[in-house]
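Number of protein chains: 2
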Amino acid sequence: MTRLPVRIAQVAPLYESVPPFAYGATERVVSYLTEELVRRGHELTLFATADSRTAARLVPICERGLWRDSAVWDTLTHHVRQLARVADLAHEFDVVHFHGDPLHFPLARSLPCKSLTTLHGQLLPVDHGPLFREFASAPLVSISDDQRKPVPFANWQATIHHGLPRDEFEFEPRAGSYLLFLGRIMPGKRPDLAVEIARRAELPLKMAGKVHPGEREYFTEQIEPLLERSRGFTDYLGEVGGTLRKELIANARALIFPVEWAEPFGMVMIEAMACGTPVIAFGRGAVPEVLEHGVSGFIVDNVEEAVQAVARIGELDRAQCRRAFDARFTAARMADDYLRVYERIVAGTRAAVPASDSDADAQQVCG
Amino acid sequence: MTRLPVRIAQVAPLYESVPPFAYGATERVVSYLTEELVRRGHELTLFATADSRTAARLVPICERGLWRDSAVWDTLTHHVRQLARVADLAHEFDVVHFHGDPLHFPLARSLPCKSLTTLHGQLLPVDHGPLFREFASAPLVSISDDQRKPVPFANWQATIHHGLPRDEFEFEPRAGSYLLFLGRIMPGKRPDLAVEIARRAELPLKMAGKVHPGEREYFTEQIEPLLERSRGFTDYLGEVGGTLRKELIANARALIFPVEWAEPFGMVMIEAMACGTPVIAFGRGAVPEVLEHGVSGFIVDNVEEAVQAVARIGELDRAQCRRAFDARFTAARMADDYLRVYERIVAGTRAAVPASDSDADAQQVCG
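From first to last, the protein sequence lines stand for chains P and W.
Each residue of the first sequence is one higher than the one before, starting from 1 at the first, in full-length UniProt numbering.
Each residue of the second sequence is one higher than the one before, starting from 1 at the first, in full-length UniProt numbering.
Simulated from the structure, these hints should not be mistaken for laboratory data.
Beta carbons are placed, not taken as given, at the ideal position from N, Cα and C, and that holds for glycine.
Some clues are possibly wrong.
Pairwise CB distance ranges (calculated) [said to hold, decoys possible]: (1) W:68 <-> P:110: 51 to 61 Å; (2) W:188 <-> P:228: 32 to 42 Å; (3) W:124 <-> P:60: 36 to 46 Å; (4) P:347 <-> W:21: 50 to 60 Å.
Examples of chain P residues lying across from chain W (beta carbon under 8 Å, computed) [to be verified]: (5) 106; (6) 128; (7) 131; (8) 135; (9) 193.
Given these sequences and hints, build the entire structure.
Shown next, in the form of structure tokens:
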């Protein structure tokens, strides 16, 4: 395939800046992808908050992340406005890559360039099924094969696993002394089972993660009393970001990931791998795609097996964990994958121009 | 002005059917307007849930109201899909009238017909200000003059107060024995002050209204204990709909409406007026536009004045309340107002076609 030069727009959600100050997996992925593509000489435009940091051309939509602006109530109004700015500039791009909610589908049909949408969340047959049937020609990317399962018929172009810059997390060769649970404190991630596993494995547990407003009741009614009862070995740190978060991951003996929902990807697993920290995870959602059992961690079925896996964690080589990351989860690999899709989409369009019409003008129109 | 025949599409929110089974002010207004326009011989198409009841052509989007479908999680996907159906059929209309969130703005620019948007909620300078500047040419209707205050510069075409079918509520000539608070149990509506007013006026209070999930904490922490303490004279009925709700309004001595937020309209005030029940309301938001002080109720500033107004309620003539409703708040008046705006918008377009281009084809294109 010819490697066409592509002029690419990235449209990020506006909830956080790109990259986000603390956590925000989607905004981080957009940042890693954008910077990697700029480094390779592509022409990048990023539609994001004004305080985003990027080497691309930035088209600012709002001052700061909408979740960080207490005056903002209706986040939809800002995302709608973002689409207007995308439409205004669309003639400058070969492909517009959307990362947020699928607000843009009706508009994308009339854009004078190609568009691509990466779905970052869980997909539901009742909601996304009818949507993807209606917009059957909109090209989509999944972040895991498992994410597609509820809507396998959609116009999937590729599964592209997330990736991190090679130097984002430092490799730590020595195994630490505690287990780690890191992630949003929500029922599907089963923080309670992490406590149970640590208790039975007789190791200290550090737990960190944001409590979203809608899940506060779950936290106060189920997790807080459990933390209180487990004070002897469990330490809840609240939401942790930046260097502290990286050290927390690097110095853990293992990351405990007892998910009971269809985790679409699980970014924290590859962060752990980058540090050399193995992962003990339930085999749900994207887990079997991300982890190699016996190499970067252990995939288990229940608490009992997780406890046994903790006992065997010394069998895993932290350097091999890191190598598993280097082989499959770098931002460079992610950028390669996306470029292939961009090129295919853009080439597809050009190929669709009949030979007789392929004069200079037709070449410029990519719709 | 020539009364052009207009082919009209109404795009309703999908949270409830049109009309809704219980409450849902926006869906009710869409229903009243649609049925009134059909009765007058206009060509109406309604984009709404499949279980909506209408004399218009119905384009069904989802089976039932999204809030009544426990399998639905992401309501946005359905509203995006609705826009695709509107775009598919847009060539059949002179004007598309949108009533939901302003999802459609980017699309509306490319529709082959005119569009109009009625804003049904509270508007905020930080959110709607930038939006209406971006889409400065999108024609808007406010439901009260007060609603415009945060964004006076927007492209307002008219303020059109809501209206009810003349026979929707029956006039009740006899004043009842209790005060009534009816509406969503939320801080801005101050149900607690209604209790205080009833206590000091020494009259029983009936209270009915939905508690939304986000306001459950307010209800359990502040309202429930108050109801418990006030059991001697206050009766909380939960969410009430249908005939029971109508009787509750008709048989009240007065509706107490102690709003402390910028109520965009306050539908329940005109429902009370239609029954002949006067309203005692704080003069916030749209209240001074809806009520005539000394005719359809009393506009007061605080609890003390409200208590005095309750004592004077016998001075008001219930028949005059009803006449105030008949004069200004019927669905027929509302339909007249909207038709004037539709006709102005459509005529504006046609006038914009240069004489030399005004052949049959040009006449058919209304973009």
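A quick look at each hint next to the structure:
1. W:68 <-> P:110: 51 to 61 Å: Check failed, 33 Å falls outside 51 to 61 Å.
2. W:188 <-> P:228: 32 to 42 Å: Given about 36 Å between the Cβ atoms, the range holds.
3. W:124 <-> P:60: 36 to 46 Å: violated (20 Å)
4. P:347 <-> W:21: 50 to 60 Å: At 52 Å between Cβs, range holds.
5. 106: Hint on residue 106 of chain P: holds, closest Cβ of chain W at ~4 Å, below 8 Å.
6. 128: Result: holds, 6 Å to nearest chain W Cβ.
7. 131: Holds. Min distance 4 Å.
8. 135: holds (7 Å)
9. 193: Interface hint status for residue 193 of chain P: violated (24 Å vs cutoff 8 Å).
When held up to the earlier numbered hints, the structure conflicts with 1, 3, 9 and fits the remainder.
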